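> The listed protein sequences correspond, in order, to chains A and B.
One point on numbering: in this note's numbering, the residue at position 212 of the first sequence is 212, and numbering is uninterrupted.
In this note's numbering, each residue's number is its place in the second sequence (first place is 1) plus 225.
These are calculated hints, taken from the structure and not from any lab test.
Treat each hint with caution, since some may be false.
[As the list claims (entries may be wrong)] Computed far set for chain B versus chain A, every beta-carbon distance over 10 Å:
id, residue
1, H234
2, F287
3, E327
4, H328
5, P348
6, E388
7, G409
8, D413
9, D432
10, N433
11, A456
12, V466
13, T478
[As the list claims (entries may be wrong)] Some chain B residues well away from chain A (every beta-carbon gap over 10 Å; in silico):
id, residue
14, P237
15, A245
16, S248
17, A259
18, G286
19, K320
20, R352
21, P435
22, A464
23, L488
[What the hints assert, rightly or not] Quick list of in silico lysine-lysine cross-link-like pairs, DSSO-like style, CA-CA up to 30 Å:
id, chain 1, residue 1, chain 2, residue 2
24, A, K22, A, K135
25, A, K135, B, K320
26, A, K130, B, K320
If you're wondering where the values come from, they're calculated on a predicted model, not measured in any experiment.
For each residue, glycine too, the CB sits at the ideal point set by N, CA and C.
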Amino acid sequence: MTNYFYVSPEQLIKDRAEFAQKGIARGRSMVAAIYDIGVLLVAENPSASLNKISEVYDRIAFAGVGKYNEFDRLREAGIRWADGTGFTYSREDVDARALANYYAQHLGDMFTEGQKPLEVEILVAQLGSKFRPTKLYRVAYEGTISDEARFAVLGGDAETIRERFAASEEVIHPLKETLKNAVNALAGPERNIPTADLEVGILEDRGNRRTFLRLDDAQVSELLS
Amino acid sequence: MGLPLFSAHNDPGPSFFHYAEGSGLANASAHGSAESPHATTVIAVRYNAGVVMVADRQATGFYIASRDVRKIEAADRFTAIAISGTAARGIEFIKMAQLSFEHYEKMTDSSLSLEGKANYLSPIIQRNNLSTPLIVLPLLAGWDPSHQIGRLFEYDGAGGCYERFDFATIGSGSPFAESALRLGFRSDLDREAALELGALALYEAGDNDPATGGPDFVRDLFPMMVTITEAGFQELAGAEVGARFRSINDRRTQSGGVAGGTLR
């Protein structure tokens, strides 16, 4: 005979949230910020090949923190969704808000109904155009979606990093300053993050349809100097 | 369309075609036939710094359906795709190829090799051509950054992919274009010579094949000419192409409608 113990819904949610938070806190954090002519995504990532930041569509980028296999699957699904939507309708019909909503629904479903909640936080960034505004959508592990006005911090240490970054970014700067501030916020006063451990991507108009650009170590060093 | 998540055993991977087919976005095996205009002559010539491609602009059904069709498109920065056959399937094919190469790049953070792209298209062509009479035959040309050469691939009706080291033609005007190319091709062609030979071959096709549109001096519409080199896909300006065809036309007028003894 099996005994079932009663667990209150409050307790269940609390346990699940704690589990997800712990998982996310094991990884490094990332900062996304709007700069004068684009969007910057910068993550602390010691791996040069297991990316946290990715191109999704012409003007949309993805970033994930937490468990790599979980957010990478969401990244792939996002690229599929975007390419599929653009193929079915038109390129200008691909909207970051719709994608962020799908992520929110999926994370919410996994949080309440899944075997275990996903230990990830997701960011969907959109570079503005004639049709849409520049936006940062942050989706938390339990499916909470928020639309951040100027910048977003994802990861275990988000609160501290957010405070540090907010203090240095009272106005919108050019890329160089924004990147410096973001890296300083990620590192904190006692630490120095080597360039090789930074993963940096931007969304910026360069006269091409595709606006995403991954910056290599040399370009990052140059901007940080 | 919901979020396309897959479990590891049925994940389509970085292939957009397999995802699109599996999810019903693209109808890869439509049966039956319908009337659709046809796209006709495209020529590709390898030269010492890349590949030249020339295509006429006409889509032909029972009558001329369009005079300004683009039959060559950049699939990505270093790759061009040209189509002949059913226009409807050809346009869909170009779209699928462009999207697939970009999709692969975004999914894996690396580009497909040129040979990888050429092979990727084979089953798509095979699936289309063996399931419907709406045949489409493409040409793939590109600059291969890993070997630092221009390369050219042609396909047969069943999707077989063959690399060509000289030149290739597709479409109903092929026999005429091919004759000109066979007479004029040398292995050491430079850009100018390759453009001139390509233009001459297309002029021949337009002159002899009713479905191939030659230079249209009335509407100022000229064949498309592109080069694919280390600098990527570059389309020649309309004025430059126009001048080239005008000069061929003048020479032909002088010699009574034929080349007049030499290929010119």
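> Now tell me if each hint is right for this structure.
Hints, one by one, checked against the model:
Here B:H234 stays apart from chain A, with its beta-carbon at least about 13 Å from theirs, past the 10 Å limit. At roughly 31 Å from the closest C-beta of chain A, the C-beta of B:F287 stays outside 10 Å, upholding its exclusion from the interface. Annotated as non-interface, B:E327 brings its C-beta within 10 Å of a C-beta of chain A; the closest such distance is 8 Å. Annotated as non-interface, B:H328 brings its C-beta within 10 Å of a C-beta of chain A; the closest such distance is 5 Å.
Residue-level check passed: B:P348 sits 18 Å from the nearest beta carbon of chain A, beyond 10 Å. Under the 10 Å C-beta cut-off, the non-interface status given to B:E388 relative to chain A holds; the minimum distance is some 28 Å. B:G409, annotated as away from the interface, keeps every beta carbon of chain A farther than 10 Å; the closest lies near 37 Å. The beta carbon of B:D413 is kept farther than 10 Å from every beta carbon of chain A, the shortest such distance being approximately 35 Å.
No beta-carbon of chain A comes within 10 Å of the beta-carbon of B:D432; the shortest separation is about 38 Å. Interface exclusion of B:N433 from chain A stands, the closest Cβ pair being 38 Å apart, more than 10 Å. Every Cβ of chain A is farther than 10 Å from the Cβ of B:A456; the closest lies at roughly 15 Å, confirming the non-interface assignment. Residue placement check: B:V466 keeps its beta carbon more than 10 Å from all beta carbons of chain A (closest about 24 Å).
The Cβ of B:T478 sits about 42 Å from the closest Cβ of chain A, beyond the 10 Å cut-off, so the non-interface label holds. B:P237, annotated as away from the interface, has a beta carbon of chain A within 10 Å; the closest lies near 8 Å. The beta carbon of B:A245 sits about 7 Å from the closest Cβ of chain A, which is not more than 10 Å, so the claim that it is off the interface is violated. For B:S248, the non-interface assignment is contradicted: its Cβ lies about 7 Å from the closest Cβ of chain A, within the 10 Å cut-off.
Against chain A, the non-interface label of B:A259 holds: every CB pair exceeds 10 Å, the least being about 21 Å. Remark: the non-interface label on B:G286 is consistent with the geometry, its nearest Cβ contact in chain A lying 26 Å away (cut-off 10 Å). Not every CB of chain A is more than 10 Å from the CB of B:K320 (nearest about 7 Å), against its label as outside the interface. The beta carbon of B:R352 sits about 17 Å from the closest Cβ of chain A, which is more than 10 Å, so the claim that it is off the interface holds.
Separation of B:P435 from chain A is adequate, the least Cβ-Cβ distance of about 35 Å exceeding the 10 Å criterion. With 10 Å as the threshold on Cβ separation, the claim that B:A464 sits away from chain A holds: the shortest Cβ distance comes to roughly 23 Å. No Cβ of chain A comes within 10 Å of the Cβ of B:L488; the nearest lies about 40 Å off, and the non-interface call holds. Taking the CA atoms of A:K22 and A:K135, the gap is near 28 Å; set against the 30 Å cutoff, the hint holds.
A C-alpha spacing of about 29 Å is found between A:K135 and B:K320, which places the hinted pair at or below 30 Å, so the restraint holds. The hinted pair formed by A:K130 and B:K320 meets the criterion: a straight-line CA distance of about 24 Å does not exceed 30 Å.
Hints 3, 4, 14, 15, 16 and 19 from the list above are not met by this structure, while the remaining hints are.
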